[in-house]
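Student: These protein sequences, in sequence, are chains A, B and C.
Residues in the first sequence are numbered consecutively from 1, following my numbering.
Residues in the second sequence are numbered consecutively from 1, following my numbering.
Residues in the third sequence are numbered consecutively from 1, following my numbering.
Since the hints were made in silico from the structure, they are not lab data.
The beta-carbon is built from N, C-alpha and C at its ideal position, and this holds for glycine as well.
Treat the hints with care, since some could be wrong.
[Claimed, not checked] Derived CB-CB ranges, DEER-like:
| no. | chain 1 | residue 1 | chain 2 | residue 2 | range |
| --- | --- | --- | --- | --- | --- |
| 1 | B | Glu43 | A | Asp188 | 22 to 30 Å |
| 2 | C | Ser10 | B | His126 | 53 to 61 Å |
| 3 | C | Glu109 | B | Glu220 | 53 to 61 Å |
| 4 | A | Gly173 | B | Ser82 | 25 to 33 Å |
| 5 | B | Tyr133 | C | Thr151 | 33 to 41 Å |
| 6 | A | Trp342 | B | Pro35 | 54 to 62 Å |
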Amino acid sequence: MNPEELLQKNVSHQLTAEAHGHDVRVCMGAGCMSLHSDQIKSALTAQVKQHGRDKSCHVKGVGCMGLCAAGPLVSVEPQGVLYKEVTEEDAGEIIDSLNKAPVARLICPTDTPFFQNQMKIVLENCGKIDPERIEEYVNADGYIALIKALTEMTPNDVITQVMRSGLRGRGGGGYPTGLKWTTVAKADGTQKYVICNGDEGDPGAFMDRGVMEGDPHRLIEAMAIAGYAVGADTGYIFVRGEYSMSVKRLRKAIMQAERQALLGKNIFNTPFSFQIEVRIGAGAFVSGEETALIACIEGRRGVPSPRPPYPAERGLWGCPTLINNVETLANIPSIIRNGADWFSNIGTRTGKGTVVFAMTGRVQNTGLIEVPMGTPLREVIFDIGGGVPDGGTFKAVQMGGPSGGCIPEQYLDMPIDFDSLLEIGAIMGSGGMLVIDDSASMVDMAKFFMEFCRIESCGKCVPCRVGTVQMHELLIRFSEGTATERDLVLLEELCDLVRHTSLCGLGQSAPNPVLSTLRYFRHEYMAQIRPDFGANGVDTHESRSTS
Amino acid sequence: MNPGVRVKTFKIDGLDVAGREDQTVLDVATEHGIPIPTMCHLEGLTSVGACRLCLVEVVGRSRLLPACVTPVEEGMAVVTNSERLQNYRRMLLEMLFVEGNHICAVCVSNGHCELQGLAQTLGVTHVHFPYHYPDRPVDASHSRFVVDHDRCVMCTRCVRVCNEVEGAHTWDVMGNGANVRVVTDLNEAWGRSETCTGCGKCVHVCPTGALFEKGHSVAEMLKKRQFLPYLTAMRRRQ
Amino acid sequence: MKTVKSAAPSTDNRWRIVDAAMRRLGFQPHALIETLHVTQETFGFLDEDALRYIAATLGVPLSQVYGVATFYRAFTLKPKGAHHTCVVCTGTACHLKGLPEILAALEAELGLSPGGSTPDGKAALMTARCLASCGLAPAAVFDGKMVGNLTSATALKRIRQWVEHES
Numbered sequence: 001m002n003p004e005e006l007l008q009k010n011v012s013h014q015l016t017a018e019a020h021g022h023d024v025r026v027c028m029g030a031g032c033m034s035l036h037s038d039q040i041k042s043a044l045t046a047q048v049k050q051h052g053r054d055k056s057c058h059v060k061g062v063g064c065m066g067l068c069a070a071g072p073l074v075s076v077e078p079q080g081v082l083y084k085e086v087t088e089e090d091a092g093e094i095i096d097s098l099n100k101a102p103v104a105r106l107i108c109p110t111d112t113p114f115f116q117n118q119m120k121i122v123l124e125n126c127g128k129i130d131p132e133r134i135e136e137y138v139n140a141d142g143y144i145a146l147i148k149a150l151t152e153m154t155p156n157d158v159i160t161q162v163m164r165s166g167l168r169g170r171g172g173g174g175y176p177t178g179l180k181w182t183t184v185a186k187a188d189g190t191q192k193y194v195i196c197n198g199d200e201g202d203p204g205a206f207m208d209r210g211v212m213e214g215d216p217h218r219l220i221e222a223m224a225i226a227g228y229a230v231g232a233d234t235g236y237i238f239v240r241g242e243y244s245m246s247v248k249r250l251r252k253a254i255m256q257a258e259r260q261a262l263l264g265k266n267i268f269n270t271p272f273s274f275q276i277e278v279r280i281g282a283g284a285f286v287s288g289e290e291t292a293l294i295a296c297i298e299g300r301r302g303v304p305s306p307r308p309p310y311p312a313e314r315g316l317w318g319c320p321t322l323i324n325n326v327e328t329l330a331n332i333p334s335i336i337r338n339g340a341d342w343f344s345n346i347g348t349r350t351g352k353g354t355v356v357f358a359m360t361g362r363v364q365n366t367g368l369i370e371v372p373m374g375t376p377l378r379e380v381i382f383d384i385g386g387g388v389p390d391g392g393t394f395k396a397v398q399m400g401g402p403s404g405g406c407i408p409e410q411y412l413d414m415p416i417d418f419d420s421l422l423e424i425g426a427i428m429g430s431g432g433m434l435v436i437d438d439s440a441s442m443v444d445m446a447k448f449f450m451e452f453c454r455i456e457s458c459g460k461c462v463p464c465r466v467g468t469v470q471m472h473e474l475l476i477r478f479s480e481g482t483a484t485e486r487d488l489v490l491l492e493e494l495c496d497l498v499r500h501t502s503l504c505g506l507g508q509s510a511p512n513p514v515l516s517t518l519r520y521f522r523h524e525y526m527a528q529i530r531p532d533f534g535a536n537g538v539d540t541h542e543s544r545s546t547s
Numbered sequence: 001m002n003p004g005v006r007v008k009t010f011k012i013d014g015l016d017v018a019g020r021e022d023q024t025v026l027d028v029a030t031e032h033g034i035p036i037p038t039m040c041h042l043e044g045l046t047s048v049g050a051c052r053l054c055l056v057e058v059v060g061r062s063r064l065l066p067a068c069v070t071p072v073e074e075g076m077a078v079v080t081n082s083e084r085l086q087n088y089r090r091m092l093l094e095m096l097f098v099e100g101n102h103i104c105a106v107c108v109s110n111g112h113c114e115l116q117g118l119a120q121t122l123g124v125t126h127v128h129f130p131y132h133y134p135d136r137p138v139d140a141s142h143s144r145f146v147v148d149h150d151r152c153v154m155c156t157r158c159v160r161v162c163n164e165v166e167g168a169h170t171w172d173v174m175g176n177g178a179n180v181r182v183v184t185d186l187n188e189a190w191g192r193s194e195t196c197t198g199c200g201k202c203v204h205v206c207p208t209g210a211l212f213e214k215g216h217s218v219a220e221m222l223k224k225r226q227f228l229p230y231l232t233a234m235r236r237r238q
Numbered sequence: 001m002k003t004v005k006s007a008a009p010s011t012d013n014r015w016r017i018v019d020a021a022m023r024r025l026g027f028q029p030h031a032l033i034e035t036l037h038v039t040q041e042t043f044g045f046l047d048e049d050a051l052r053y054i055a056a057t058l059g060v061p062l063s064q065v066y067g068v069a070t071f072y073r074a075f076t077l078k079p080k081g082a083h084h085t086c087v088v089c090t091g092t093a094c095h096l097k098g099l100p101e102i103l104a105a106l107e108a109e110l111g112l113s114p115g116g117s118t119p120d121g122k123a124a125l126m127t128a129r130c131l132a133s134c135g136l137a138p139a140a141v142f143d144g145k146m147v148g149n150l151t152s153a154t155a156l157k158r159i160r161q162w163v164e165h166e167s
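One chain only, chain A, in its complex shape (with noise of 0.2 Å):
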């Protein structure tokens, strides 16, 4: 028997015990859960029972399904059918309609381009399996690409296949994913670690969230096999302090996979060995920096380093160190299982694969999408998003957050990638796409995201921690219509020198948002400045002497 073989028998069996004929999936993402879809689980769960249908019909929590904006979601398989808004009520009637026609009054379209315009790869467990269940991922062909990476391959094929397959990181810089990994593998050093970054700390950002939620054992696969391919032992999840049920569902993942053999010592009668470790973060934006995530694990001030040293070189303890986002990750697995030919045939030249966001803001279908590199920011806003409601007109999207920037309408055509997106001056960032109509003020937006990156400052470097706070007062001072035409150029001075000179990317891209806004909608700082105050006003803060 092989080990897929082996793995079916000994994880799936229970599933095939259950051959039931119904599948109901209630969306546990964050979105439903606060609409409270447990509560609605437990009503559909009574009314299996009630029904007497405990045998043929199986009601499970799942991960987001993506269309957040009609939330609570339930759908039942395998007629395929989605509800949404559902509520407590609502249970007695679906489970009573499951042999006959549905309930035609919760019924939500999936004809539409919001779920016929996405492909999904990250996502393509979320929302179909009980993420506390190995058995629904091993029968989703999880862990297939971690047996085959382990007993077909070298780790060396396996870093040949993901520098052919063009994956870059998801979490901002676009950095090559191959490249990466052959550093670490490089590095010289017996003991070695892999990171997987889920510290999401974007406001606005929810995507690491999804998966890790959603599907946690993709993430266990994908940094056994990077594990696999640089050398390493010992893997450490970095998760978000607020996401107590992402570590909830990684660690109880983790324990499955120990239990099955997956982890651990000598997995698959192979010599690879791997562990993995969940380590929570304490509420700190600048941690999700490599050096500074570094520092969080060690127990240490989360503060960043200069680099190089690189991580890949010198990182946890002073070993080699692959630090990879959770989205770059879950893409391993499909990319092991299905070829790098598979994967660089999806996208443009220079993005390959397929790109998670979280749109949010004034948007018809807010959610977690998932589209391939290329998609125009039009289709997937006007399309899959549903365009701006209310009648309202679309003026921008913020993506990237805090380091990211605004991108007008006359952009909108223009295919997302890393590069093409760091032109006009925004960054794919982390993923966050926030939809701003003509009611929101762009100087008001680059105050909020200002006022975040003074708060999260670490405070070590000057330009960013002093910087930030004088920015910040500018554009308090723009927003409340009390600026001077002078507190402009000190703005424009300031961005110059706070993303020029700090440490980190933190502070370097704290200004993006200012210089994007200032970019595309200047008149709106000009209008804020006040009239009587010209070139030659008196300014309320001339120069002082330094003392």
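Dock chains B and C against the given chain A, drawing on the hints supplied.
Tutor: The following block gives chains B and C in isolation, referenced to the frame of chain A:
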């Protein structure tokens, strides 16, 4: 020199220089008498690259690099004093002035202060950013020393010398963002610190009048730094 | 592994939970943040005794423990006073979709501002960077329960219930 350490040749401001591969750009520049302003850096302590005053340009690199932590590379061309760098340095220095409450006229370190000295060297005669006027305390509970947080520039030399040289780790940094401050033990009065050995190293590495000895009046506090290279050399001999 | 163990600050059994957390990570200095998490969860805040005990047990300098405890937002050195807490999300989507109006209403109607509590001290208002429920912005957590699509009216109603119920 350790065996196996290679020598790299490169250029600083057009001058051909050579340095060991374990040296930084700042080390080699200093050896050749090329001045690069520094604040958080102090020979004998680990460099942290926090003040950003020593940023230099390297031809062909888009990012500015802190000379104090940038290792030398064969063939690199370093520019230490372009107009752009001078401009940034002046602004960074201004930032140090506006975030604290620096009143030179009443300071024990007046005339011997590194912040003041840098302002003179870099030609910062005026500050064009608004002052923060933070509310910061003074702790005079120690029998011999005082910490005046108004004058602190968060260079963290005191933290490092206490940890790396004295080995007491009495000092550390608390808070984040604009609220960072150096603290002794659990942010207790310095005079009650159980871990402080009273060695005074922190006082003497402090670049400003933030840490000083009692009994000194305006402009009287002279910092003695000779102990640091001496201790470093003595320990290397052991 | 550390062999000499410092004594717990008191005979309170909850220290066993803290001890277990430190033991799990071999009493290594890198267990500091995990230990602070557990202590905070167990006692609600980190007092001086706790910090001293953890510092001594893990062999981490006092100032470093203090530095870490004050760097991260998850830790608090003061006990929480109020019976009820409302945590509003200050993420981007919530900001855009009307959080400022809700905060203004809470301030005007109940005298409740972020970081503060109602005049009677029964309800406290706190902020979170982002609750990652942007699809339902604005969102808030009322005594551990998440509420989406929040309006000024619903927020006021919920908090008024707390205040009035116990008067």
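Student: None of the hints should be skipped; say for each whether it holds.
Tutor: Hint check results:
As the Cβ distance of Glu43/B to Asp188/A is approximately 29 Å, the hint placing it in 22 to 30 Å holds. The given range of 53 to 61 Å is respected by Ser10/C and His126/B, whose C-beta atoms sit roughly 57 Å from each other. Judged by the Cβ atoms, the range 53 to 61 Å given for Glu109/C and Glu220/B holds: they are separated by roughly 58 Å. In this structure the hint that Gly173/A and Ser82/B lie 25 to 33 Å apart at CB holds, the actual value being about 27 Å.
Checked against the hint of 33 to 41 Å, the C-beta distance between Tyr133/B and Thr151/C comes to roughly 39 Å, which is consistent with it. Judged by the Cβ atoms, the range 54 to 62 Å given for Trp342/A and Pro35/B holds: they are separated by roughly 57 Å.
Comparing the model with each earlier hint shows no violations; every hint is respected.
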